[in-house]
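These protein sequence lines are chains A and B, in that order.
Under our numbering, think of the first position of the first sequence as 15, with each following residue one higher.
Under our numbering, think of the first position of the second sequence as 358, with each following residue one higher.
For the record, the hints were derived by calculation from the structure and aren't laboratory data.
Note that the coordinates shown come from a computational prediction; the quantities given were computed from them, not determined experimentally.
Ideal placement from N, C-alpha and C gives every residue a C-beta, glycine not left out.
Mixed in with the good hints, there may be bad ones.
What the hints assert, rightly or not - Stretch-level coverage of chain A by chain B, calculated; a stretch enters the list once three of its residues show a Cβ under 8 Å from a Cβ in chain B: (1) 33-42; (2) 64-76; (3) 102-108.
What the hints assert, rightly or not - In silico PhoX-like cross-links for lysine-lysine, where the CA-CA straight-line distance does not exceed 25 Å: (4) 678(B) with 715(B); (5) 118(A) with 684(B); (6) 19(A) with 148(A); (7) 26(A) with 684(B).
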Amino acid sequence: MASEKLILSFPKNVVTKPIVYHVVKDFDLEFNILRAEITPNLEGRMLLEIRGKKDKIEECKNFFKKEGVQVREATQEIILDKELCVNCGVCVSLCFSNALSMNKDSFEIEFDKNKCVLCGICLNGCPVNALKSKI
Amino acid sequence: MPKTIEEINEKIKKGTVVVLTAEEIIDYVQENGIKKTAREVDVVTTATFGPMCSSGAFINFGHSDPPIKMAKVWLNDVPAYTGIAAVDAYIGATELSESEGMAYGGAHVIEELIAGKNIKLRSTAYGTDCYPRKEINTYINKNTINQAYLFNPRNAYQNYSVATNSSGKIIYTYMGKLLPHFGNVTYSSAGQLSPLLNDPYYRTIGIGTKIFLGGGTGFVAWQGTQHSPEVERLPNGVPLGGAGTLALIGDIKNMSPQFIKAAIFTGYGVTMFVGVGIPIPVIDEEMVEYLKVKDEDIYVSISDYSVQRRSKPTFGKVNYKQLREGKITINKKEVPTGSISSYPKAKEISLLLKKWIKDNNFLLTSPVSQIPTSGSTKPLNIVNEEEI
Ligand code: SF4
Ligand code: SF4
C-alpha cells in the first residue's frame, strides 16, 4: 500500500465531486479530503490523501491531468518564522483559507497549520521572507 | 491654559510628566473629556513602522592611504551614489545588488550596517594628483567609518491609499501582491497611531522636531518630498489620501535592526521598513481634538492598481477600523484586507518612546520652523523645450 498527498487545482469548469468518485470506482483507491477551498478566482483547491497500489495512484494522477485538474505533490509544508515576521499582515489578505489570520486584539499574525491547503500563494507575498516552504 | 514645551520638559525632568500613546488617549478622552485631558496629559506618542522607499544613508568612509576620490562605489555589490566629496556616498534603500538583483539591495546594506556586520566596500576612481588611488577593495562596519546617518527624503506619509486589482491576473506592486478580480486589498497607514494623522495641520511637528528613528533619536529635517497638504480633508483634519510627508534624519550608529528592516516586494523590488516615533505635546484643547482621532474616523480611498496610470480609478472609501477587521466590500464582493505596515511594531515604538520620556531620556523640542500647510504635488509632463 502506498499513500500520497496531492494538491489538486480545479479550473472553474471541472466539477470536483465526480472526479473524486472516480478515485474509488476506477482505481480502487482510498481517499481522504484533508482540506478543500475555493480560491478568489473561483478555482477549487483540494488537499487530498490517496492510498492504494502504487501503479493505480499513478494512473489516477494521469486521469486527473487528462480531466484538466492540476496535480502537485504536497511534499512541502508552510512555516511561519516568528523571529523574522514583523507582523505587517499583508499575508493575511492572500490566504483565502484563513490559515494566516490577524489576532483581533493584538493585530499579531497567527498561523494555523491545520487550515493551510499548501497553495503557496502567500510565499512570495511576505516582504521579509518569514513564510517559507519546508520539504 | 495652553502649555509650553518648556513646562512639559520641566515635568519630564521632575518625573511628573503624564504620557499616553496615541492609542491610549482615545479612551482617555472618551472618559475624561477634552478639557480635563488637555489639563492632565502632557505628551502623546505616535508611531509608524512601514515600508518607506524614499530612504537611504549618507556614509563617510574615512580616507585610505594613498587616498582615493571615489567615482563609483559598491557596498556588498549594491551601487551607492558618490558624485559628492571624495569619500562620501549615499546608499539608497531601493538600489538593487548587481550580483543578486532583487534578492538584496540598499536596505539590506543599511540593516546590516546597523546590526554591526561587516560590509564589503569596492570603489573605482580616475585618480588625481591629490587622490592618486584608482581602486579600493576593503571591508567596513559601523565602528570603522566616520559617519553614517539615515537621510530619508520622504517618510511618515499622512494617510495613503488602499490598493486592489480589478484585472484578471496577479500583479506585484509596492503595495504587495494583489490577487486578480479584487482578490484582496492592502493598505499602509498606522491609522490612529500615525504621527501626522494626530497632528493633521502640523501645529507641533515641524523642522527640528526630535523623534524616535530606527531605535535611536533623529530629527525632522524638512517637509518630505511630495508633501501635499492641500488634499481633500474631513472636518477632523484627516486627509483622504497621501498628504503631508516628512524628511527625516538620524544617526545610524545609535539605531537597532529591530526597527529598520529590509523588505522585498516580489516583482517590485527592495524597500525598507522604517520605525518612526514622534511625540506630540498636548499644548492646548485643540490638540486633544486631533489626538483623539481613532481608526474609524480615518477614511481612505480604494484605488485600482491594475490601471497602470498616474491617476487610478477608485472604488469609494473605507476607514481603518473596517480595514483592520479583515474584510471590506467592493462592488458587493467581500474582499480580505492586509496591511503592509505593522501595527504591532508601531505600537511597540509608541510604548518605547513613552517610556523614554517618562524615564527622562527624551526631552521635547519646539519646531525651528513650521512645515508648509499649503501646496500640492506637481505632475511630470513630457514636453518639448518650447512647450514647458
Ligand atoms: S499556503 Fe499560504 S496562502 Fe495557501 S493556505 Fe497555506 S498559509 Fe494560506
Ligand atoms: S507578510 Fe511576512 S512579515 Fe508580514 S505578517 Fe505575514 S509572515 Fe509576518
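Evaluation of the provided hints:
no. : hint               : result
1   : 33-42              : violated (count 0)
2   : 64-76              : violated (count 0)
3   : 102-108            : holds (count 7)
4   : 678(B) with 715(B) : violated (30 Å)
5   : 118(A) with 684(B) : holds (12 Å)
6   : 19(A) with 148(A)  : holds (15 Å)
7   : 26(A) with 684(B)  : holds (24 Å)
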